[in-house]
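Trainee: The chain contents come next:
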Amino acid sequence: MPKITSIEELRKLREKVQEEMTTRTETGTTIIVGMGTCGIAAGARETMRAILEELKARNIEAHVTTVGCIGMCAREPLVDIEQAGKPRITYGNITAAMVPRLIEEHLIKGNIVTEWVVGRLPTDQEAR
Amino acid sequence: MTEPIYRADVLVCGGTGCVSSGSLKVMEALRAELERVGLSQEVRVVETGCRGFCAQGPIMVIYPDGIFYCQVKPEDVPIIVEETLLKGRVVERLVYTEPENHASVPLYENIPFYEKQQRVVLRNCGIIDPERIEEYIARGGYEALAKALTTMTPEQVIEEVKASGLRGRGGAGFLTGLKWEFTAKAPGEVKYVVCNADEGDPGAFMDRSILEGDPHSVIEGMIICGYAIGAHEGYIYCRAEYPLAIKRLKLAIQQAEEYGLLGENILGTGFSFHLKIKEGAGAFVCGEETALIASIEGRRGEPRPRPPFPAVQGLWGKPTNNNNVKSYANIPQIILRGAEWFAKIGVPRSPGTAIFALTGKVRHTGLIEVPMGITLREIIFDVGGGILNNKRFKAVQTGGPLGGCLPESGLDLKVDFDSLRQAGAVMGSGGMIVVDEDTCMVEFSKYFLTFATAESCGKCVPCRVGGRRMLELLTKITNGEGTLEDIDKIEAIATGMENGSLCALGQLTPGPLRSALRYFREEFEAHVKEHRCPAKQCTALIQYMIDPNKCTGCGRCRRACPVQVIAGDRRMIHVINQAGCIKCGTCYEVCPFDAVVKVSGETIPVPETPIPVGTFKPVEAQA
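Chains as they are written, first to last, in my numbering: chain A, 1 to 128; chain Y, 1 to 623.
Just chain A, with the same shape it has in the complex (with noise of 0.2 angstroms):
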């Protein structure tokens, strides 16, 4: 990795990462699993093993990844999904055994499972 010497290295790799970032959510989907020391204790391990699987069985490419905690460290392990151009939705309490039904629910039909829902993120328009 090439070292930056400026601030404008420094912002063009920002532009740049965003620019991956953004088109990476809104040509596919993103599944997020929490992975700080309270999803890890509410088993989002499993969670996220069990997603894997799920993905791999029906044949979906989705970019899976980690990030720490949010906070709501009652309502672990969560699980985000971002599709192609539309909000990320929060679901929590994600045992290993409601994968599939999320995958299902959510990915493939479209339709969001209300009762898991915790709440969305805003888009970049909506952000304050």
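Please note: incorrect hints may appear among the correct ones.
[As the list claims (entries may be wrong)] Taking CB as the label site, the calculated pair distances span:
#, chain 1, residue 1, chain 2, residue 2, range
1, A, N111, Y, I5, 34 to 40 angstroms
2, A, Q18, Y, E437, 47 to 53 angstroms
3, A, R58, Y, R377, 46 to 52 angstroms
4, A, K109, Y, K583, 51 to 57 angstroms
5, Y, E437, A, R58, 48 to 54 angstroms
6, Y, K391, A, K109, 39 to 45 angstroms
7, Y, G424, A, I60, 55 to 61 angstroms
8, Y, R377, A, V64, 36 to 42 angstroms
9, Y, A343, A, R45, 39 to 45 angstroms
10, A, V64, Y, G298, 39 to 45 angstroms
11, Y, K598, A, H63, 53 to 59 angstroms
[Said to hold, decoys possible] From the derived model, a few chain Y residues whose C-beta atoms are all more than 10 angstroms from chain A:
#, residue
12, I62
13, P202
14, K344
15, N479
16, G480
17, E602
Worth flagging that the hints you see were computed from the coordinates, not collected in a lab. For every residue, glycine included, the Cβ atom is placed at its ideal position computed from N, Cα and C.
Start from chain A and add chain Y according to the hints.
Mentor: Just chain Y, lined up with the frame of chain A:
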């Protein structure tokens, strides 16, 4: 026969897709319900072919309004008939919402848990992948460092931090900018930047979450500090009990070095700064800054008298700036958005936000970030969602084992450094434990005293001896053997520890006990004078007894008792032999008739030995 004039048509899909999801049953239920309420001559049910929207079936369209319901179940039919066909109202939850229109899902900022929060330090936690520096940069990371190194002098950086009014988030609340200034002005070429990531308070996990979720915010803050005070080396002292935080920190440091944002010649400016991680080894006292510094030096973690303060004489005798994780994490935002912006958040003498680990008997436990000046009531009842199981609030412990508790009368206190101190409580690092009516305040303060006493390093007498003696007296009280003199002795020892201890551990150990005595003295006195624990928690002061009027002789308690001290037989009133009872509470939990009661300071009339159910008469009645 004239055709009835229908005022409404309900079209239910009878295509294969919908049939397999139950549309025939829906139609059956619909016809039955319409018959029941007398609408069969006014509303026509039509079975249609497939509309193509199979995944959303069973589908129902109601004309003439054109209301489109999907995923209708037979159980939904009565509501549809009542609301839509009779009252003309739409049943929102059955209406088709376009997946693109996720507006029905509440925004984070509108969920009660987040409504009153202002996530400044935690802005990236839970949003970015902490193992990818690129995501931190995408959110504006290292922009503050670049700004400081290329457009500001060290003095200007210090002025900005001073102007912001940021006070140390480790709990003492000393002006951060001032501390930086002292360290910068101290004579010497070699200086150090130290981050206190020991976080020893039980129940506190604010620092851990930041290190796990956004380690770069701390790294960036430390490099900016190094630039401001003229230091080129920094240490993050992180407790070994946080392996995930240490792993993410190591990765973050490595990635920052790869990009030239840490190490030699940062951003090509000629400024060099290196960071090392030093793992703690399980000693709470190493959260005290001089003990922490001793530990980095390889010595036993013991505090030393101050002055001289670390700013003048710290790590290896050199000027050292020591700050908490959250203090450093605030710095990039202050540099980027300006001191004025920061000073506007919170209250004048305590600007900015406070991060709390909200735990205990609240509905929404977790990590919260709120502007200073918010009240405890808002934190516990609005953000926290109130007390679990609709129990009554009793007290909230702030500042961990060296803090203090506040009762209901303190709920409207504003949370900031000064207001809390005046009320005898402490801001501390941010641990907040809420307890309800089932918690015994004597036992609660004993828990913290036990912890603090065990963690005493032993160097000074007031802490080493005082803590232990106080604990012995408190244990006597929870065992029902205490006297009123013991309470007086406790207060005398507390004063001695507060005035004579070498460091804050000893000085603040009596804190939880002092505040419990101040606000809940009656509870202590009940333990002493009446041998009664009002919350029914102290094992030595409670008894489990079987109410002879409720016992049905089912025997479940007798079979469950681990020490087999319950006598009885089928249809006989069971009796607990108090001499052998170990107060485990199993009988209390398994009794299906709520016949086992927990009593303290009193007894209920029970037979001496098992007698047939229904034959019990209390002694007075027998006379």
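Trainee: Evaluate each hint against the coordinates.
Mentor: Hints, verified against the model:
1. N111(A) x I5(Y): 34 to 40 angstroms: Since N111(A) and I5(Y) have Cβ atoms about 38 angstroms apart, the given range 34 to 40 angstroms holds.
2. Q18(A) x E437(Y): 47 to 53 angstroms: Given about 51 angstroms between the Cβ atoms, the range holds.
3. R58(A) x R377(Y): 46 to 52 angstroms: Since the Cβ atoms of R58(A) and R377(Y) sit about 48 angstroms apart, the hinted range of 46 to 52 angstroms holds.
4. K109(A) x K583(Y): 51 to 57 angstroms: Since K109(A) and K583(Y) have Cβ atoms about 54 angstroms apart, the given range 51 to 57 angstroms holds.
5. E437(Y) x R58(A): 48 to 54 angstroms: At 50 angstroms between Cβs, range holds.
6. K391(Y) x K109(A): 39 to 45 angstroms: 41 angstroms Cβ-Cβ, so the 39 to 45 angstroms window holds.
7. G424(Y) x I60(A): 55 to 61 angstroms: 58 angstroms, holds
8. R377(Y) x V64(A): 36 to 42 angstroms: 41 angstroms, holds
9. A343(Y) x R45(A): 39 to 45 angstroms: Since A343(Y) and R45(A) have Cβ atoms about 42 angstroms apart, the given range 39 to 45 angstroms holds.
10. V64(A) x G298(Y): 39 to 45 angstroms: 43 angstroms, holds
11. K598(Y) x H63(A): 53 to 59 angstroms: 54 angstroms, holds
12. I62: 21 angstroms, holds
13. P202: The claim holds: P202(Y) sits with its nearest Cβ about 15 angstroms from chain A, beyond 10 angstroms.
14. K344: At about 15 angstroms from chain A, K344(Y) clears the 10 angstroms cut-off, so the statement holds.
15. N479: 34 angstroms, holds
16. G480: 36 angstroms, holds
17. E602: Per Cβ check, E602(Y) is outside 10 angstroms of chain A; nearest 37 angstroms; holds.
Comparing the model with each numbered hint stated earlier shows that all of them hold.
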